[in-house]
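Participant: Residue-level listing of the chains:
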Amino acid sequence: QVQLVESGGGVVQPGGSLRLSCAASGFTFSNYGLHWVRQAPGKGLEWVAVIYSDGGKKYYVDSVKGRFTVSRDASKNMMYLQMNGLRAEDTAVYYCARDCGPTNYQLDYWGQGTLVIVSS
Amino acid sequence: QSALTQPASVSGSPGQSIAISCTGTSSDVGGYNYVSWYQLHPGKAPKLIIFDVNNRPSGVSNRFSGSKSGNTASLTISGLQAEDEADYYCTSYTSIITLVFGTGTKVTVL
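Sequence lines, in order, name chains P and E.
Just so we're aligned: the first sequence equals residues 3 to 122 in my numbering.
Just so we're aligned: the second sequence equals residues 13 to 122 in my numbering.
Keep in mind the hints are simulated off the structure, nothing from the lab.
Watch out, some of these pointers could steer you wrong.
So the derived list for chain E, only partly shown, Cβ under 8 Å to chain P, looks like this [as the list claims (entries may be wrong)]: (1) P26; (2) F63; (3) T110.
Below are the EDC-like pairs computed for lysine to aspartate or glutamate, each with C-alpha atoms no more than 20 Å apart in a straight line [said to hold, decoys possible]: (4) K118(E) x D75(P); (5) K56(E) x D75(P); (6) K45(P) x D56(P); (7) K56(E) x D110(P); (8) K67(P) x E48(P).
Each residue gets a CB set at the ideal place from its N, CA and C atoms; glycine is no exception.
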């Protein structure tokens with residue numbers, strides 16, 4: 003069955019860096035786009051980034067452009083989110099999610115999330 | 013990109029039908045049929061319940077249905093059940109090749 007498992011969350015100081023990982027299994031990795039979505043405490047869901055099925059295209063929400071980088075490794079069935087220049091407002095549970103296809107921006111499977119806390 | 017607008021809360025009694033609206037613009041909801049809905053129970057991963065405006069994934073109850081008119085999409089839950097009490101979010105693909113979520117709606121079963 004399809005599984006997505008996030009890891010790498012933790013507590014980091016403002017301005018610091020963190021790399022989140024998403025381990026995928028149960029499907030043909032290279033056929034699907036993958037997304038990062040976050041939910042700040044007490045807030046709604048916010049889309050963060052997408053990486054297309056072939057890894058060739060990546061798009062981000064404006065608030066993380068230039069600070070976050072999404073990547074994927076087909077040989078390991080892994081997706082990553084490198085987060086630099088972290089701010090307090092980046093504190094959230096970060097979910098990885100699978101697109102319904104190469105990319106139609108609808109998310110049919112989600113991980114359980116990993117918590118990132120940006121605090122001094 | 014501004015969040016899509018949803019009512020903060022909707023409530024209904026068991027067996028009733030409720031509808032949740034999701035209002036965007038011609039650059040998102042009105043311009044594309046990549047509108048989906050997600051159900052969130054506390055402590056659990058979000059669950060896709062509607063995709064492509066009005067399609068249900070396998071295993072999702074047919075009590076959930078979706079529609080769209082202009083810049084507004086809607087989720088209807090028929091025959092409301094206690095287990096439907098959750099937060100619901102709409103999403104839409106956008107003209108700037110991003111995904112935008114709705115503000116979220118808390119459904120309460122009275």
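Participant: Can you list which hints this structure breaks, lowest number first?
Facilitator: The structure breaks hints 1, 4, 5 and 6; every other hint is satisfied.
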